[in-house]
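J.: Protein chains in written order, with the numbering used here: chain W, 34 to 330; chain Y, 1435 to 1638.
No lab work stands behind these hints: they were computed from the structure. There are no misleading hints in this set.
If you only want the chain W side, here are some residues facing chain Y, beta carbon under 7 Å, derived:
no., residue
1, Cys-100
2, Gln-215
3, Cys-222
4, Ile-275
5, Phe-280
30 Å max Cα-Cα, derived DSSO-like pairs, lysine-lysine:
no., chain 1, residue 1, chain 2, residue 2
6, Y, Lys-1512, W, Lys-95
7, Y, Lys-1627, W, Lys-272
8, W, Lys-40, W, Lys-326
9, Y, Lys-1505, W, Lys-134
10, W, Lys-135, W, Lys-249
11, W, Lys-134, Y, Lys-1506
Facing chain W, a subset of chain Y residues (Cβ under 7 Å, in silico):
no., residue
12, Met-1462
13, Val-1501
14, Ile-1621
15, Glu-1622
16, Ser-1625
17, Asn-1628
18, Leu-1636
Yeah, the Cβ is synthetic: ideal placement off N, Cα and C, and Gly gets one too.
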Amino acid sequence: MKAALQKKLLDSFIEIIRKTSAELPKDVIDAVQAGRKQEADASRGKYAMDIICKNIDLAKVKSAPLCQDTGSILFFVHYPHKHDYDVLQKLFKKAVMAATKKGYLRQNSVDSLTGVNNGTNVGPGSPTLHLEPWKKDSYDIRLILKGGGCENVGAQYSLPDSRIGAGRDLTGVKKCILDCVQQAQGKGCGPGVLGVIVGGDRATGYLATKEQFLRKMEDKNPNPDLAKLEKECVEEANKLGIGPMGFGGKTTLMGVKIGALNRLPASFFVSVSYMCWAYRRQGAVVSGAGEIKKWLY
Amino acid sequence: MRSDGNTMIKLSAPFTEEKIRGLKVGDMVEITGIVFTGRDAVHKWLHEGNMPPMSLKDSIIYHCGPVVMQKKEKGRAKWVVTAAGPTTSSREEPYQAGIIEKHGVRAVIGKGGMGEKTRLACEKFGCVYMHAVGGAAQVLAESIKEVQGVFGLEKFGSPEAIWELRVEDFPVVVTIDAHGNSLHKDIEAQSSKNLSDIFGALKK
Ligand code: SF4
Chain W
34 MKAALQKKLL
44 DSFIEIIRKT
54 SAELPKDVID
64 AVQAGRKQEA
74 DASRGKYAMD
84 IICKNIDLAK
94 VKSAPLCQDT
104 GSILFFVHYP
114 HKHDYDVLQK
124 LFKKAVMAAT
134 KKGYLRQNSV
144 DSLTGVNNGT
154 NVGPGSPTLH
164 LEPWKKDSYD
174 IRLILKGGGC
184 ENVGAQYSLP
194 DSRIGAGRDL
204 TGVKKCILDC
214 VQQAQGKGCG
224 PGVLGVIVGG
234 DRATGYLATK
244 EQFLRKMEDK
254 NPNPDLAKLE
264 KECVEEANKL
274 GIGPMGFGGK
284 TTLMGVKIGA
294 LNRLPASFFV
304 SVSYMCWAYR
314 RQGAVVSGAG
324 EIKKWLY
Chain Y
1435 MRSDGNTMIK
1445 LSAPFTEEKI
1455 RGLKVGDMVE
1465 ITGIVFTGRD
1475 AVHKWLHEGN
1485 MPPMSLKDSI
1495 IYHCGPVVMQ
1505 KKEKGRAKWV
1515 VTAAGPTTSS
1525 REEPYQAGII
1535 EKHGVRAVIG
1545 KGGMGEKTRL
1555 ACEKFGCVYM
1565 HAVGGAAQVL
1575 AESIKEVQGV
1585 FGLEKFGSPE
1595 AIWELRVEDF
1605 PVVVTIDAHG
1615 NSLHKDIEAQ
1625 SSKNLSDIFG
1635 ALKK
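Starting from the given sequences, assemble the full structure and let the hints guide the process.
T.: Right under this line is the structure:
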């Protein structure tokens, strides 16, 4: 790959990181604002939602990180099959280092054995790159920045689960989802959005929960059973009364996105990832010449 | 005037025991005065019996690792906070009660709530736990008007140091008060009951 093209791609990757860290996508902002409207005037829930809305505006104006935990860096990329995989891998890492230097990302990645933070956000598993070649001559690049507080309250269930009385059916899946919300309380910086996978093995299940976060808030699940389950889970979770930040109130969840993977007859996993209100997701079509052509959210 | 906890209260320094005991779970509070940041390293260090150079009597401790930049203004270096959201408080649970007792701390700000030991210490020694909005790094940074000092920058590193911050109308909600109440406990109990009702209805 020519040096000039590499430079163009690098700049585009850095811009995608900047925008993701500072600006929530419109569909998420709409959901946050809808949540704010639901909360009673002069209530604690409204108070929290007011502050959240103000923070969203301020971060955008200042082009500064929305939350200081700039999270795990998860790239989902389709690239022109003629472009070089090894070079791209290096470019994404370089972009992360540059974005960290510019302050778009906090120095946020620590060696798990020694506790050392090398200050670059690059190391084993960071950033997480899912690079897939395709026949088109442009790129589809999507990025999620996922905070640690909400990642800590995710959960994986193996059905049947006698503690919550969940069997191997969609009612059982619903119980897992609602139990996860109850366990999380306000600790995941709610109101949150859940990515859920029914089936798979433990690893593929969790991995695919993150892909659910690529979906837009208002999209409809193509599977009618899952579409119904998504809607019911949001409605019922919002009856729990946990509310924004766990202060009490009506908006506990803004959305639930559910997918299914095949499973072995012996296993039935339900994997749930929790995304905080600081739901940072952006994406862009980047041309084969390295230029951002269109924002995707 | 107080109505089911939905009251907005201005709390200004000095943070006396009387003012703190006047707060109740659920109160929405805007703080004006000095707060000291402190997270894992500082809590452990205080717990080991070390004394900080400043007095923490009647003080507020904020569980926060701020992003602080040095800027030049009229030729003089100045610290500016660019992000200052709360960090998870439960990590300080083993140390907090002892620090409240020994140093006379009047309020702790953080997120996610704290446990029984802290709740009991708040009741006994006249302290409250106040919850900031997690993730609101920019709004909270805006209400920090000045960095008045820093201690332990070299020893603990920037996010872990004790930053002395002058804040104005810093927004929080009281979730553990000095009368033994905890909003976290109440909401967990209520939502747990709501969940069993929902589960009960699913069976039919
Ligand atoms: S859970 Fe989200 S909003 Fe809360 S501190 Fe972490 S990244 Fe920020």
